[in-house]
Each structure stands twice: as C-alpha cells, then as structure tokens.
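For this one, chain L is given, so just place chain Y on it according to the hints.
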Amino acid sequence: MARFRVNGVAQELDIEPEMPLLWALRDELGLTGTKFGCGVAACGACTVQVNGNPVRSCVTPVSAVEGTDITTIEGLAVNAAAALSPVQQAWIDHQVPQCGYCQSGMIMAVSALLTANPNPSDDEIDGAITNICRCGTYPRVRKAIRSLTAATTA
Amino acid sequence: MKINRRRFLLGTTVVGGGLLIGYATTRPSKHSVANDTLAENGQSFLTTWLRIDPDNTVTVLVPHSEMGQGVLTSLPMMAADELDADWDLVRVEQAPATDLFANGVLVKGFAQSLGVSVPGFLDGAINKVSEIMNIQITGGSSSVRFTGENGMRVAGAAAREMLIKTAAARWEVPESELTARLSHVHHEASGRTATYGELASDAARFEPSPTPRLKEPHEFTLMGKPIPRIDIPAKVDGTAAFGMDARLPGMLYAAVKTSPVFGNKLVSVNSDVALQRRGVVRVVELDDAVAVVADNYWRAKQALAALDIQFEATANDQVSTQSIYAQFDTALQGELSEDVEEGDTPTALAGAATTIDATYRVPYLAHAAMEPMNCTVHFHDSKADVWTGTQDNLGIRGRVASVSGLDENDVTMHMFYLGGGFGRRLPNTTNTIDQATRIAQQFDVPVQTIWSREEDMQQDYYRPAVTSAFRAGFDASNNLIAWENHYTTKNEPAEAAHPPYSIPNKSIAYADSSTHVPTGAWRSVAHSQHTFFLESFVDELAHKAGKNPYQFRLDMLRDKPRHAAVLKTAAERAGWERNLPEGHAMGIALQESFGSIVAQVAEVSINSDGSVRVHRVTCALDCGRSVNPDTVASQAESGIIYGLTAALYGEITIANGRVEQTNFNDYEMLRLSDSPEIDVVTIESGAALGGLGEPATPPVAAAVANAVYILTGQRVRELPLKNYRFTAAPVERVA
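Protein chains in written order, with the working numbering: chain L, 1 to 154; chain Y, 155 to 889.
Next comes chain Y alone, as it looks inside the complex:
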C-alpha cells in the first residue's frame, strides 16, 4: 500500500492519528498499517517501533539517526527493558523515512519542554503535525529523553501487555498468573511457556495501550547498565557505511565550487577546459555554483580546479568580521527586544555601590564534521532515490521532493551513518542536498556530490558570532543586586542567556542584526556562546567581590538544589581546595541545557610559548538518570572536546564577504596530544531525563578562561584562546 501525502492533506486519512503506539478508534492504527504493508514471513508489528519475528527476535525500529551518540543502542534498551526482551535476541533497524514513522512523541516532548501542556486527546493531532512537518529529526539532545522515555518505553510496555493478553487467552488463564521474562511468557503454575515469536501474530491483533504500566527504576534489567554499543563493531573494520560510501552501478561523482561570497550568482565559466579532461562527463552550471561531473571524484575535482569561474560582485563583497562586529555594536545601541525583565534593574544599577561593565564576543564557527558534506541522488522513472547521512531522513526526503518537484512518496531515502552531525546535517541546512538534487536531475545515473573540505568549511551554516554586553551592580555589602545583559541575535533555545543564580533585578534583552553569513545550530546552539559569556562574567564578579568563584556561585544557588549539588560535586571531585602543581590553576563553570545540569572544572597551565594547556577537565552532570552510563560518559567526553576545540582554536573570520579559513591547517582542531584527561561523574537525581548530546559542550570554555585569569590576571573576553600569548603573572590565588 502506498501512503499518499496529497490524499492525506486533503483529509482522507490513510494513516490515522494517535500516539505512535496506537489508539482505539475505527481508523486503522499505525501498527496494523505496518503489519499490512511492511511485515513479511510471519513478522508481526506490535507497535510501529517493535517487530517480532517467528524466530523470537525482536527488532526495534529507531526513528533517530546514529551519529555516534549511541541512539541505536539506548533506544532499543529502553524498549527491550519494558518488553522484558532477551537482549541477545534484540535487533535494531533504522526506521524507514516514511510517514508511518514520523516521530509524534518527539513533537510532544519538545512542546512539553517548552512548558506547553499537551493533553492526551491531542496526540492524534500531534502525530499528524509530525507527518506533515516530516519530523524524524535528531537534535536538541532529545532522543532518549523524549522518544525513549515517552515512546520506546511505552511501546515496549504496551507490547508486553499484548503478549501476556494473548497467552492468557490461549491458555485460558488469568493475566495475573503470567510473567514475562527474557522474550518468553511463562505460566508458572502449569509450567507452560511460549516465546514472544509464537505469540506475536495473535498479539498484534490487540490495540497497544497508550498508558501501559511502566517499570519502576528498581525493576529495570537493561536501563542503567553500560551495554556495549551496537554500531561499534562495524566501525572498527571499515564496514560501517557513511553517506559518502554509497556505491552504485554506473554512478558518477560531482565536485562543486559555490560562490565564496554567500549568495552571489554565477556569471561565467569556461566549461570546455574541463570537458577535455579524462573522465569528465559534464559541467553543470547552477545559480551560484559550478559542478564538474566525472567518473571518479578526484578527476572531477582536478577538472573543477582548472576552470576559470566568475561570480558576480555585490555589496556583500565588502563585508568583514570587523564590519560585522561594528554592525553588532551599533545594533546594541539601538532598539532591543525584551528577553527577561525581573525587578527594577535601572534603579538598582543607579543605586549600586559598585557597577562593573564588560563586553564579550565570540566568532563564527564551522561544524567541520569529519565526513565532508555529500549526497547521492538518482532520478529515474519520475522518481528519486537518495543516499546520504542526515539528522532527519524524513525532512531530507521532503527537501529533495520540493527541490525536484516530485511527490514526497516518490522519493526514497537510503539511510547511512553520519560522519558527524553537530547540527550541520539538520533539515534546515540543506545547501548540499539542494545542489546534489539539482545536479543529479541532469542525469539518468546516480550522481554522488561530494564537497571538498574547503567547500565544507566555506559553505557552512555557522554558529552565530555574538556580542554580549554586561553591566552588574553590587550593594554596599557586596551582594550582587543587578544584572543587565544586552546581546546580539535572538537565542535558540531562549533560555541560553538566563543565569541560574538568584539575582533580584535582571534585565536581559537582545538586538537582531542580520548579516549575509548563513547561520545554523551548532552543538548546544546558543548555549555554547552564552555559557562562555555568563560564566566568565560571573567569575569576574566573584573576583571583584573578593570571593572564591566557586563559593560565590554556590551562595547564589540556594533555591536551586540540583544545580548546587552538581557544582559541589564537580568542585569536590576536582579537588577545588587542594594545592595544585606550581603554575596550574582551576576554573569552574556551570550550566543547565536540554534538561541536564553540568558543572566543569578545568585545570590549566600556560605553556612556555604563552599558549594554554588544559590538563584535566572534571565534569559533574545530572541528567536525571543514566540509561546507558558508558554512553553518558562518552557523550560528556565528546561534548567537552568539542567545546574545548572551539575555546582554544575555533574561529571563522570573514574578509571580502567570504570565509578566510579553508581546511584543518587554518581551522585547527584539538588532537590527541592536547586532549586533557577527562573525569565524568554523574548524579542520579531521579529527575526527569535530560539530554546528553549537547549539555557537556557549553561550560568548558568559561572554565578554562576562568583558570587563565587566575594564572595571568588577564580576563579573556573574546575567543579563541589561540589569539593570545599569555604571560603567567599571577595576581591572586583563590583556589
């Protein structure tokens, strides 16, 4: 059966509403549609996300992308635990990029995280929204806390109930006498037992309950255990396939040069020069780019380099980092939009015994995922097939359809591992996908469009450069009474600039100041900039008040016990009050993001050449409860190194309207030699689950810069640290 979007939009619903695990109305539930359309060889879908085969294997269909965060393991763990499945018999598949697998649970989770209360009767509507919006996104550190907690667990528990109900009917015994264990249902009294595989086809006739009984944490058999990741074996022997590894008969390769000044149009290109070269099939002219298509990527790239490509000149050719910063400064003097207004900050500042001003900046940053952007598309028979690694397969299906004018259901996604996501492979950052689609439209064979590292770095959707100006006031007893903060660019998430500390008067506002530089979500989004600003400025205030920066923070967290516990744990674990080796100092920073609270302590020294050396980062985090403790640790390690790379080296500069950096030789990365020791400690508070992909990234820059201040007396108000040559001249020791 083909699910047709147009019919759906006209209201003649083929796939009904309802939470993904189903609903009780006259329309067919999602799992029965899956059974009608996808099940083969005796397979049974008990929910759309859980398929049981006659051989008693359980397959979990995961509607999220694996990009190293372990989602192909953690989500199946959550479903299998509630299902009481034998982990050895659990298999994992990526959910297809079709309407049936649109992720309504995620939409509801995000809505609830924004404080919107979503009653159950709206689940059907939410599911429709997720289909219309093509929601299958992996971002916002949401997979485990929303899809896992509200979807996978419910699906597993509902399926378990359906299996028990089936056995009860078959054996004519009460459900209460049955137990489920390791993919079997047992009737202890009679000694009868049946595998899930034997019960599944009958069980699939029941409707899954949207409110099954979920386990209490002490009943968990898989959640909370460091289960080895399912995707790792294929990642050590070269068999894991990333988008760029798609290999198809007769395929061609495209190398692309896009206007280095964003948005400028193509004027001319001498295509003949390329066409004379070996292996070159065609030169494709796009609106703002040229592609050379050849039988081998290197041949395409070499031919592209031989071309004389002319792009138009526009006013944007004059834009530079300096002009952008000047524009930001002007914008901050103009009209501002309110973010937070508590108390009476102007009056408090006017009456303050002491005020402090400081202005911070951070530059644009590229994502620089290890796998350069690429996408393979094959147009044939008025349809398209797409091979790529993306953070939203359903979203990319929609994008290819809209660029090519095809119906979404005539576009088939072939899913691959992502060689890094970090926000670069989201459905609203599709310049590579758009190009690959337009190039492939001119061929009847598959065309793999590969961006060089230089294109990848110069055609990104960058983390926004931000300027943030602070003014704070103390009363005569050195209590922080006023906090004023004006910054550029509205924040996503909105709370990124909100300090967790109790300060009676707060006035936070922003200025919009758009430029021609494309921007996008970069791991932890606005938190990475604003945590650096907030936690550096708070540190300044602590020193100004003559207080220990750790104690200063702790004193302002009396009404935030979870934050206080995390801060305290990080400080104690790092040995905040202990004597450090000569020339070392510690800095501390705290932030809550994506539902998790993280504090980090960085131990730092200054190298003889004046550069910064980070020896050790201690990270305390409260994500409520660890579903897979080893993945929690690895995501924290990863987030710290991502944030530290930005703090030490990350800087995209603009000159003559274009990005100046080209490759890893001028956009330097942290490597093994400068990677600190990382110690992660988790606090199992039992609070609602928090995310993990992003929350460890924000605090580290401030933690390091705060230590640098102790070592050098120099307050770092602009990143990256590579632009400084510090001299160790301690002004004070507070540790």
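Just chain L, same shape as in the assembly:
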C-alpha cells in the first residue's frame, strides 16, 4: 500500500511500489495536470514538488515518496492568498505559455526554485530550470521569473 498526501489530501493506493509517481497521479488519482513528456527525467514536464523539492515524477517510484507531502499544479495555489500563486500570476502577466503542455512542470520547478532561493542569479536559474519547452517560451520564462525576483541580472 502506497501512502502519501497529494495537495493536502491523504492518499492510500494499492499499487506496485515501483510504479512511478506520475502514473499514480494521472491514472490512479486522475490528476492530469502533471504531464508525461519523456519517461526518463529528461524534459521535466512531469515535475511535482515532494516536501517542497522539485522532483521528476516519471522516474520516481511511489515507494520513494512514502509518507511525503506532494504538491501538483492543481494544488499550487492552495497556500496562496489569491486564486493563483505568484508564479502562476506572473505566467499570465507575461503571457508565457504557448501550447502549454510543459508549463505545469515549468511552473512547479520555478516555484520550488524561488521558494528555496528567492533571488537566484541567471546561472542559478539556468541550473535549476532545465525543463524542455518545444514552443520556445524560454525568453518569457526568464522574464516572468525576473519579475518575481529582486535582481534583474546576475
């Protein structure tokens, strides 16, 4: 039995311990906001937060997240004062998404970065945000991140 909390709700799933968290979220819990992109932790579309840390859920077996607090895109705004978290609002303000498929993972990764490091350098942003976006929203991703940080350059 796999036990963890997702967006504050306790879950108990009778699934294989080696099932990746991604498929437990999507196919067992119906939380489709977290996306499948590559299955090998190369693209970041499946990024969720486990105890606040960004994790690529496509290669993370549920046995590795036993007892943890998991936040998905659906739960990101739960602790925000507004309907959207600051990162989500910045994404709208800067019109970041295009097709939008990678953006759940992108937003989860950025939000984890800014929680841990509210004022990252450009190098720190580059090192932390390695998600792939085929639509090429990178210039706007950087602008949106910069709108949330004090510094405007490294």
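Be aware that one or more of the hints could be misleading.
To be verified - Examples of chain L residues lying across from chain Y (beta carbon under 7 Å, computed):
| hint | residue |
| --- | --- |
| 1 | C38 |
| 2 | C99 |
| 3 | S104 |
In case anyone wonders, no lab produced these hints; they're calculated from the structure. We put the CB at the ideal spot given by N, CA and C, even for glycine.
Below, chain Y alone, put in the same frame as chain L:
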C-alpha cells in the same frame, strides 16, 4: 437533424454551398442550418461562426486548432472587431468537427495564395470541396491570413449589418441613423438602445451578406492591440485538457511497439508473458505492431517491454543515413525536374569569370512535440467517439471512419488542446490515429493509446533530409550573373528554393529520390532546409566577392522594397556595423515564407569546448499588419527557438533501417540555459496579411552558420552544429 454524407455525395444537398457567411438562394444557408440544429435556449447563429445569446454574449466558433499560436484569441478578435462587440462579452468555442463547419474560406485562401483567381460564384463549389475533403486544417500559417481576414472579419461585419437592419425595422428608422458599439445598437436621435442579444433572433432571419463593408485599419478597436490570450489561464493551473488528459469511465490504456524498421511486418510475439502481469487485459497484434492494453499506462508499458517481439527482415534493414545520402548523390547526377529556368544559365556559367560550387545537406528531423502522440477511441453502438488533439478535427474524423469502416457522421470528435503541433498532428500523418482506432475496435470500453517518447521519436513523419548542390558565377566586375541549384525532393511549398535576389540567369531543378523513411510537414516545411542552403550559399558568394554579406544582399534587392526594408531593419536594429564584444560575430539571413518576410541577425561566439553559443537573435518581420502584436512576437520567438534547436542539435540518423535516436537524451533540445535573447521588431507595411506560425523558423540556421564562418573561417555546409568542434580563428571581419 443529422447531416448525412452519403446523401450529400449523391447530390441531394442538405447543407448548401455558399461562402460560410451564407448566400442567397432557395437552399437553406449554413447559419439557418446551425439555428435549426444547434441553437438552444434562445441562442441565434448570425453566421455559422457567430452565435449570440439572449444575455448578450457573443460566441465565436473557431474552426482551427489551438496549439499555442493564439488562434482562439486572434480569430475572435477579428470577428468581434468588425461586429463592434464588447470584448468582455465575447466567448470562444472550438467549432464542432462536422460538415457544417468545414472551412471553405481556407480553401479559397490557399488557392489565391497559389495565384489562382477564384471568382465569387465558385464559393459554393469551394465550400462543397471543403466538406468533401474534410477541411478544418490548421497549418500553412493560414488561420489569421485566410480564415481571419477573409472569413472572421466578413462574418463579424455581416452580422453587424444584420443587427442594424433588425433595429432599423423594429424602431422604424433608417439604418443610417443607427450606430453599433460595444454589443449595442444605438439610435442617438431618440436615445433608444438595444443589446445584440435582444436583436439576435430577429437578425438571424436575414441572410448574411458575403460582401459587407469592412473597417479601415484606423477604425479597428481590437485588431492591432495586444489582447491577452484566452487559453492562457487554463494553462497555468493544470486545467487545460490535452488529448492525453481524456479520462473516461472504465477506460483502458494501450502501450505500443511498432516495427522499428518502417513498414516491416510483425512475425510473432509471446503474448502470455504480458497476460500474466497485473492489470493487463489483452495483447493486440497489428500488422506491424504489438499493443498491450491494461488498466494503467505504466502497467501496459512494463508488460510491453517484457515481450519478445519479432518483426520480419526486409531489404530496408540495410538502409542507413550513408546509403540514403549516396542515393541522393546518385539521383542528383540523373534526370532532374525543372523548378525555375530563367535566362541562360549554362552559357552564363561557361562565360563566368569565377564560378563557385558548394553542396549542402541537412538530416531528417523529428517533430518531438512535448505531448507524445496519443489518441483515445471508444466504439459503441456501431459508432465511435474520439478524444485527441489534432491540427484537423474534421480530417481525423474522416480518417477514423475510413479505418474502421464507419460512416463519418457516426464518428464524434471531442476536441482538446494540442501539446504541440508543428506539422506532426496533420491529417496525412495518422499512424497513431490508425493504431488507436484498430486497437479500440477490439474493445467496448474507451482505449487510450499512448506512444512512449521513444515510439514518438522513432515513428514520426520526419522533415526530409535534403542534399542541395549549387554552382554560381560572377562576371569580371564581381556581379553575380548565374545561379544553378540542384536538390533532392520536390518542395512544398514550391518556392522554398527560389532566392529573392535579382540574378539574371537561374536554373533550379530537383531530383526525386524516395526512401522508406516516412516524411511530413515540419514547421515551415521545405523553407527550413532551403533557407539554410540559400542564405548560407549567398553568404559564401558575398565573401567570395569581397563584399559585406548584408550589403551584398541589399544590392540584389533593388526590385524588392519590402524585402530590402526588412533586411535593413534587422541589420540596423541588431547594430550590424557596431563593434561587437571580442570573440563575437554576427550573421544575417532573409526569407519570405507563407506571405511574411523575415530577416534575422544572430550574434554568436564559440565556447571554450568548440561549441556554438548564440547570444542574441534580432528578428525583423513584415506580416503586413499585426492582428495581435504580442502573439506576433511570441510566434517569432517560438519559431526562432524551434529553428535554432534544429540548427544546433537536430539530427535523426538511420542505421539498419531504423531511427537511432530514442529520447531527449540523444535528440537534444535547446533549453533555458542556451536560449538567446530575442528581439522582435515588426514592420507594419499594410501589405496583405502574412502567416506567423512558421516564417520565423527558416532564417535562423543560416544566420548562425554565417556568423560561425566569420568567427572560424569554416563554412558550415551540413547541420547540426553540435557535430563540429570549432576553433575560433578569424579569417576576416566584415561586420
């Protein structure tokens, strides 16, 4: 009312012809069919694309797919502007995938873009063609320039006229005394006012005019403004549903392995191994593939991996990138088909003071959309329901019907956002759809077929690999007098290999050389390969002639003022003549595609490991007029990054008949860390609208390679750049 295709094909027309906004004959117009069949709760269709509700909301039905290009915002802007609708009261829906919403305007637009003059009396016939051909396609950078400009604006303006006519009749005042503003019709003299919602049901009784008065640009209230995209809020909170997010009661998931050598048939599979595993329901054997169907995708995928699958051996097992390139070289020595023949190129080359030869190649490329290919199908009651994201819902409806043998009207499409299109989700690239249909046919519950990233990468319809050989000649005064170009594969669009420059003698021809590798449209189609070839070779010629590559181009654009203006704007904006940081250089490239002209300047340096670093891309573009300037900029940014990813990293290679690359770890993508700063400047020339989804992709590879030449002295004639280790050894500085 059910619209039956067979009856239609037999000629007993249910849905008449006519431009989508209607026509005046005895047959029912499209909007009245919509009112009879689709309107509910007092709703009124004034055209098939515009519905007005009693609460005064206007709903625009968009016959194009949203894949990030902003079409769910730009097309409604165009209709709402002409309608004088209050944007706050405008809603958007995806047009249903039914005959009624086949896109005749698009067919006419493409025909006109090919130089075919289409008289108005043929509109009805064109509309029929669009229905028969299931046209609801999103591609060719066509949505705004054709559907928007010739369809949505006309629909909005026609509906506005119908509303004014209705108010005039109701108040018994001349139409000329009425004004429409923010979803209300006003009679200033009497102070009377009515909402569109109050007028719509009476207005719907009029026939929409096919030639309403359209606004002049200075009258626009929405077009030209950076209106925020309607689809974005759902894309930041996880609620935007893509095809893979379809969730249905009792659904099953299929994982598929197709013969890695394209077209080879399945010989055997030990299905029992999979059937013993948890959650596995069935193993489905297809002609050239095996599917494992289970109650969870991961379980299906794991079981599939445990199988021993044998495919037949064929001669194609011997094919490699090297054998294909050798085949291309042979084909170019054989019989060629004429593309362009102007002047007398052989004589000009024979008499030239100097000639230059160069042969260029680019490899196959995968689309690698972020959402791996998938499709969900449910067969029940001799009908089918389909859930998928596609660039042509009507086309996919037809495809599922033809694969399953159902009538098209017994197939219902459920539309979703696309996790990337780029040409991969067009109606002629349906291997995933075909498989999903055949798998689901064996079940009475919905089955979601999902391709792994590996399948997605290895079963694509690839951008064609192309070899292109050039010979050019200068006269004794260093004027370019002859241009000969022989390339493989006929181009779509045909003009992709045509240089914009004035050169007196041109001979361009192609050789067909087919392989077993499936190919398809890849963002900007043949322009992405040929702009790299043309604009690199032109650059070679400039250096050979001892001229500044920017000035060399400009000098040959005297009869192309729009091209010259775009080139000049890019150069000036980028600071072409300024001093660059040590170790940096600039390259420039120009191309017209899909009606838009784009020039780009790339600022580049060489990293200490010999790889290429692109710091900044300046992009000047003339698309006539920007409907939504923010979307124009984002499409340019997107197109540049797509093209730059290909230039730096993109390479699909073939060995033993199959694709060697498997996933993003060996088919690398540009990421945030290597993404350049991008500066987009638009030129509002007022020319006919050009497309935007594709035109920014072609020039960037040549712009970067041309800068690399300045930095290293090495002319890049094959992509991608990742295969080179450059040493910065400047031979000349022209900037």
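Okay, the hints, checked on the actual structure:
| no. | hint | in the structure |
| --- | --- | --- |
| 1 | C38 | holds, 4 Å |
| 2 | C99 | holds, 4 Å |
| 3 | S104 | holds, 5 Å |
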